[in-house]
Amino acid sequence: MASTQVVARGAIEPRATTGLWREAWGRLRKNKLAIVGLIAVSILMLAAVFGPMIAPYPYDFPDKEALKAYGFKPLPPMTAGHLLGTDQLGRDLLSRLLDGARISMTVALVVQFVVLFIGVPLGAMAGWFGGRVDSFVMRFTDVVYAFPDLLFIILLSVTLKDTPLGQAMDGLLLVFIAIGLTSWVTVARLVRGQMLSLKETEFVEAAKAIGVSDRNIVTRHLLPNGNGPVIVAITLGIPGAILAEATLAYIGIGVQPPRASWGYLVADGEKYIRSSPHLVLFPAICIAVALLSFTFLGDGLRDALDPKLKGKQ
Amino acid sequence: MARYLIRRVLWIIPVLFVVSLVTFTLMHAVPGGPWDQDKRLPAATIERLNAIYGLDKPIWEQYVNWVLGIIHLDFGPSYQFKDRTVTDILAGGILTTIQLGVMAFILAVSIGLPLGIIAALGHNRWPDYTATGVSVIGIATPSFVLAIMLILVFSLGLGWFPVTGWKGPNTWVLPTIALAGFPIAVITRYTRASMLEVTRKDYIRTAHSKGVGDRAVVSRHMIRNALIPVVTILGPILAFLITGSFIIENIFAVPGIGKYYLTSIAQRDYPLLMATTIIYAFTIAFMNLVVDVLYAYIDPRIRYS
Amino acid sequence: MADADQDIPALERATIIEVTPGAVEEMHRPASTSADGRRREQKADVLLKVRGLSTHFFTPDGVVRAVDDVSFDVGYGETLGLVGESGCGKSVSALSIARLVPDPPGKIVAGSVIFDGIDVLKLNDDGIRKLRGKEIGFIFQDPLTSLNPTLTIGYQIAEAIREHMGLPEKAAKDRVVELLSKVGIPRARDRLNDYPFQFSGGMRQRVMIAIALSCDPKLILADEPTTALDVTIQAQILELIERLSDEFGTAVLLITHDLGIAAGMCDRVNVMYAGRIVETATVDELFETPQMPYAWGLLDSLPQLDDVRGEKLRTIEGMPPLLINPPDACRFHPRCPYARDLCRQDEPELTRRGNDLHLARCWATEPGGWIA
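Residue numbers (my numbering), protein chains in the order written: chain A, 1 to 313; chain B, 1001 to 1305; chain C, 2001 to 2372.
So here's chain A without its partners, still in its complex pose (with noise of 0.2 Å):
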């Protein structure tokens, strides 16, 4: 096909090298997708962090002044005071939905740090070590892979409700742990997989020459440049942890009221569905946006790191 080497008329000029990550960043970048989800992301992760700050009443607050101005049903947006409503008890549903902002940041975060905590050490051990220490962990995998992990989160969840560990953070934590428990499992094969395909390169051989002991040959050389696939797997895992802490809250598990998780303001909002709609409506947008950004920035960061440009022209 065509040749796109660069020479510049009549003159002989080598092509400037850019790094991997900013050629990566040059292609991400006209990623328009990609970019709308960055955006998302971090106006979702301001909100996270600001929400408290910014939000115009605390988030379990009744409102029994308005309550009772409108009869005890739940307000619709834009009246007094609420921009986007309130819910039956008076709470002003903007303060609730920047607080449930924050806890599905939080998830995304802290799972994909669990996520790497274990995932990343499994997977090198298995990668760098092979032979039997690598079945062995390859097995381990394969069990937690095959465990059905939305029932397994339920399960510690429930059963865990009552203890110190399971109060902790609302809730949270136990959330955290628990869905950070089932999902390491793709890290760890992907670290592996660059683990068994960096060993045999010269540069570890060169590195070992120099008496590099291993332990910092893993952790200097091979982890480093290994990176994209496992960012572009955590980034896509993101979805799946704040859609699980979603479904939990829904059912009543994980996060404990007051807080506003998203999923709980979507089960609290059904009884008033044809009444008021937006109880429903603004939490399942937020869970949506949030989705998608995510979804849409891992995308695109897969495809910018990607060598061979995937069907984009």
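Hints listed in this document are in silico derivations from the structure and should not be mistaken for laboratory results. Glycine included, C-beta positions come from ideal geometry on N, C-alpha and C. If a hint is listed, it holds; no wrong ones were tucked in.
Partial chain B-side listing against chain C, Cβ under 7 Å, derived: (1) Asp-1202; (2) His-1208; (3) Ser-1209; (4) His-1221; (5) Arg-1224; (6) Pro-1300; (7) Arg-1301.
One-sided and incomplete, this derived list gives chain A residues near chain B with beta-carbon spacing under 10 Å: (8) Arg-139; (9) Asp-142; (10) Val-143; (11) Phe-152; (12) Thr-247; (13) Ile-253; (14) Arg-274; (15) Pro-277; (16) Val-280; (17) Ala-284; (18) Ala-288; (19) Leu-292; (20) Phe-296.
Go by the hints and put chains B and C onto chain A.
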């Protein structure tokens, strides 16, 4: 290939073992017992109940007994529904749950695959945008939200389908669609991506160079190769359908085994809980096996190695 | 004559050619008639007439003029070589002949391709399909990726036969077995149901050759058929192609970057550079009296048996140009040691060098130019 399959079949056993062990241990490791829920029973009664149900024995013994019982397909009595055995309770529900899962699976595959193929063939034109749009909506909408929307529009709004229950095809529609929403989206995406990748492969060019017509190139050369990666995600999809079914059963009051899972955890009904867990785990493992067989069938490279 | 103030050692070297290992030594190839005397029905004076072919790629970065105003002929039964560096447009030219260039982003924007009297570019979809596989066969570079991994080789070879020759099941199968034997695959009938991954690289390429020959085409387009193979296998495959094309009287358009291969197999050679043909000649004349500095450089860069050990290999300095907006100048001039102002201002045409078959695109070597 036979060796490959046998290994996969044998693999199910340790998986079920671990699942049941973990569940069992977790239940017994946490304070509380099956008799806590009712009114406060006198200690003597509790002791007697424990003796009757063998709960006073050491944990490992209880587990072994349970396993022995399973082998004879005896799942034990239910602690909450004291007049019925677990087998009794679950028998009817299992079929319902499986039926729901299978229907959702068939729906997901029969919509997702063609949609993905059409999207790829009409790349960057309207079929692509439509299919991608559908899949985006599917990804963004959790199954419970989809369920609520469906009920709102088609039950309460248009009155075409009843809200709850499971009697007759009329009641099957909404739960199946609600459950299949997310899988449709995922299958569409994967199939589209896979087809697009196959389009650029050298052997497609070879096929064209032989003078093979476009339609034959797609059906003979593209689809089979494109399906290979798609089959690999069918496993997780099936797992999703099985585990996600109980939320749907919850919302639509479908009499499957889903509701028993939740209540048996809360009520510490160990036998019922163990049984439902094992059934779920087994179904997932079995479905994964079927997927693996399918995979080996489609890809000759697996078959011969 | 022009000033001979510049040292031209290359010309001298060019007369003593040592071919690269793996190429056939024979330097003289017969043309036209097939070994068994079978005459093919010829509908025109030349089998393939390409005139002014331009294939451009429309990319977000600009229009890449991969093939720019290319013209050449292929005679019935002739073996023509298309030689050049990677990216010079030789593969795209071949694909353009059968309209196999992916569209988007590629498009044949100008020119005509007359195959056996038929105007290829004007054919409708059905028409071009009938040509492909039946009259024109392809051998691609990488047999591993060019064969469908999920279909048996028997099926893939029979595909064109079934498409074009309408043979019944058994007859088609027999023909496949015959082809497989002809390309040198042992126990052909047993291997019909095997898959590509069960063959070695050389075997797979033989399968591709069988596919190319399956309907007895008039022309075979061989795009770097041996580049992906081991050196020891290369010779076998080339010999096979040569033998079979002789036997069936098939014309071959052989694309390669390897001059040695071209020397061994071709009757005539076109040298391409940056999307243009820069020289065309019979094999003998190209190797004995090349008329273009690029050709000199190519020939010069072939390792010679009498090279001094430890000396650097000779290369052509620089890289091929960007094909997006080529300036109106000789495309080779940035790398040409003999370039003068004229070369920078105006692109030379293909002009005669001594006889009608030998053309070159170079100001310097034209009659009246500054190199004798």
